[in-house]
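First to last, the sequence lines map onto chains R and U. When we follow the working numbering, the leftmost residue of the first sequence carries the number 1, and every step to the right adds one. When we follow the working numbering, the leftmost residue of the second sequence carries the number 1, and every step to the right adds one.
Please keep in mind that the hints were generated in silico from the structure rather than gathered at the bench. Some clues are possibly wrong.
Since the list can't tell identical chains apart, any single copy or any two copies may satisfy a pair.
Mimicking DMTMM-like on lysine to aspartate or glutamate, the simulated pairs with C-alpha atoms at most 20 Å apart in a straight line are [said to hold, decoys possible]:
#1 80 x 96
#2 160 x 139
#3 160 x 122
#4 24 x 180
#5 24 x 79
#6 24 x 96
#7 24 x 91
Number of protein chains: 2
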Amino acid sequence: MNYPSTLLQRAVGEMSRLPGIGQKTALRLVLHLLRQERGEVENLAQSLIELRRGVRYCNVCHNLCDSELCEICSTPSRDKSTVCVVENVQDVMAIENTQQYTGVYHVLGGIISPMEGIGPSDLTIESLVERVSQGGISEVILALSPTMEGDTTNFYIYRKLQDFPVQISVIARGIAQNDELQYTDEVTLGRALAGRIPFKV
Amino acid sequence: MNYPSTLLQRAVGEMSRLPGIGQKTALRLVLHLLRQERGEVENLAQSLIELRRGVRYCNVCHNLCDSELCEICSTPSRDKSTVCVVENVQDVMAIENTQQYTGVYHVLGGIISPMEGIGPSDLTIESLVERVSQGGISEVILALSPTMEGDTTNFYIYRKLQDFPVQISVIARGIAQNDELQYTDEVTLGRALAGRIPFKV
Numbered sequence: 001m002n003y004p005s006t007l008l009q010r011a012v013g014e015m016s017r018l019p020g021i022g023q024k025t026a027l028r029l030v031l032h033l034l035r036q037e038r039g040e041v042e043n044l045a046q047s048l049i050e051l052r053r054g055v056r057y058c059n060v061c062h063n064l065c066d067s068e069l070c071e072i073c074s075t076p077s078r079d080k081s082t083v084c085v086v087e088n089v090q091d092v093m094a095i096e097n098t099q100q101y102t103g104v105y106h107v108l109g110g111i112i113s114p115m116e117g118i119g120p121s122d123l124t125i126e127s128l129v130e131r132v133s134q135g136g137i138s139e140v141i142l143a144l145s146p147t148m149e150g151d152t153t154n155f156y157i158y159r160k161l162q163d164f165p166v167q168i169s170v171i172a173r174g175i176a177q178n179d180e181l182q183y184t185d186e187v188t189l190g191r192a193l194a195g196r197i198p199f200k201v
Numbered sequence: 001m002n003y004p005s006t007l008l009q010r011a012v013g014e015m016s017r018l019p020g021i022g023q024k025t026a027l028r029l030v031l032h033l034l035r036q037e038r039g040e041v042e043n044l045a046q047s048l049i050e051l052r053r054g055v056r057y058c059n060v061c062h063n064l065c066d067s068e069l070c071e072i073c074s075t076p077s078r079d080k081s082t083v084c085v086v087e088n089v090q091d092v093m094a095i096e097n098t099q100q101y102t103g104v105y106h107v108l109g110g111i112i113s114p115m116e117g118i119g120p121s122d123l124t125i126e127s128l129v130e131r132v133s134q135g136g137i138s139e140v141i142l143a144l145s146p147t148m149e150g151d152t153t154n155f156y157i158y159r160k161l162q163d164f165p166v167q168i169s170v171i172a173r174g175i176a177q178n179d180e181l182q183y184t185d186e187v188t189l190g191r192a193l194a195g196r197i198p199f200k201v
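Working from the sequences, and respecting the hints, build out all of it.
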C-alpha cells in the first residue's frame, strides 16, 4: 500500500506487528488515534512505555507485579501452604475472579510444547521445585489446561515433586456448568463419571 | 477484573479505548508487548506520539501528509483539473492502488449523516466550493460510497457546484468484477442496466 505520509506508514507498520492486527486494522486504529486529542495518544504511548519499563515479575510466584513481591504473595491472609500452578497471568486473574481460592500461585510462563519448541527449562518449573524443597508447602494444585500439552506438563511436574512430602492434586475435569449432557464429548463425560464425588446438600 | 499490577491495568485500560478492542484483547496485546524487547515497545509508542504530533492535512485536498502540501497535490504530473471527491484517506489509498487515476483528490473527512450528527459544515465541502470557484478545475468526480448517506452528500455537493462551469460526474455503479448475476441485488442490477455503455473491444 502507498501511504500518504511516512509518519502514518511507520505507525501502521508498528501497530500491525501486534498479534491479530493486520495492515487494514492497524490503519483503522491509527486513523482513530489521529482524531483523538494529542494528550490521549500520549497517555496511551506513555502507558505502554511505563508498563514495559516498570512491570516486574514476583520473585516467589512469577506473577506480574509492580514490586519485588506480588500482591497475592504479600497478603498475610493468603494460605502460603497451598500453591496453585497455572500457565499464565490470565489464568491467575480467572481463578482470582472466582473468589474461591485463598492460597497462592506459581505462574509457569507457558506449558511444555515440543511443537512450539517450549521445553521444561523455558518454564519456571525449577523455581517451583525449589519453592517446595524449602518446606512449608502442603499441597500443590495443578491447574493447567486439559490438553495434551497440559497433561504432559502436569506429568513432568508430578515426577519432579513426587519425592517431596507434598500432596499433588489436579483441578476437576467434568462437564461444565449449564452444558448439556447429550452434547458433551465422550472424553469429558468419561472423566466426569470416573471422577464422581459423594453427593452433598 | 483484578489486575495484578497497576501499570498493567493502566496499559490495558488505554488499549481498550481503541475501537473494536475489548478488555480481553487489550490484555492479550499488552501481555504480548511485555514479552517484546523494550526498544520495540518504545518504537511503537514513539511512532504513535510522532504521528499525532507530526501528521498534517494537505492545505489543498485535506489528505494526510507530512508537510503543507500532500505528495499527490505536489506532483507536477498529476492532472490538477480533475478532482476526485472521497470520504476519507483510506479511499484515496484504495483509488491510488488501482493506478488508474492521474487527477487529484478532495478528502471530505466523512459523509453527511444526520443519524451520526454529521452535517455539511463538519466536512470540507466549503473548501471544495472555494477550490472550484478559483477556476482551473474542469471535472469533479464524486466517488462516495453507494449508500443513502453517500447519495445525500453527492446531491448536496451537486447543488453547491451546479452553477460553476465544471462537469460533475459520479463513479459507475454496476455489478462488481467476478460477481454472479443471479445473486446480484435488484438495485445494483437495475442501475447496471440503466448505466450500460457501448461495447468496445
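Going through the hints against the structure:
no. : hint      : in the structure
1   : 80 x 96   : within (15 Å within a copy, 63 Å between copies)
2   : 160 x 139 : within (14 Å within a copy, 78 Å between copies)
3   : 160 x 122 : within (15 Å within a copy, 67 Å between copies)
4   : 24 x 180  : neither (40 Å within a copy, 27 Å between copies)
5   : 24 x 79   : neither (48 Å within a copy, 29 Å between copies)
6   : 24 x 96   : between (36 Å within a copy, 16 Å between copies)
7   : 24 x 91   : between (31 Å within a copy, 12 Å between copies)
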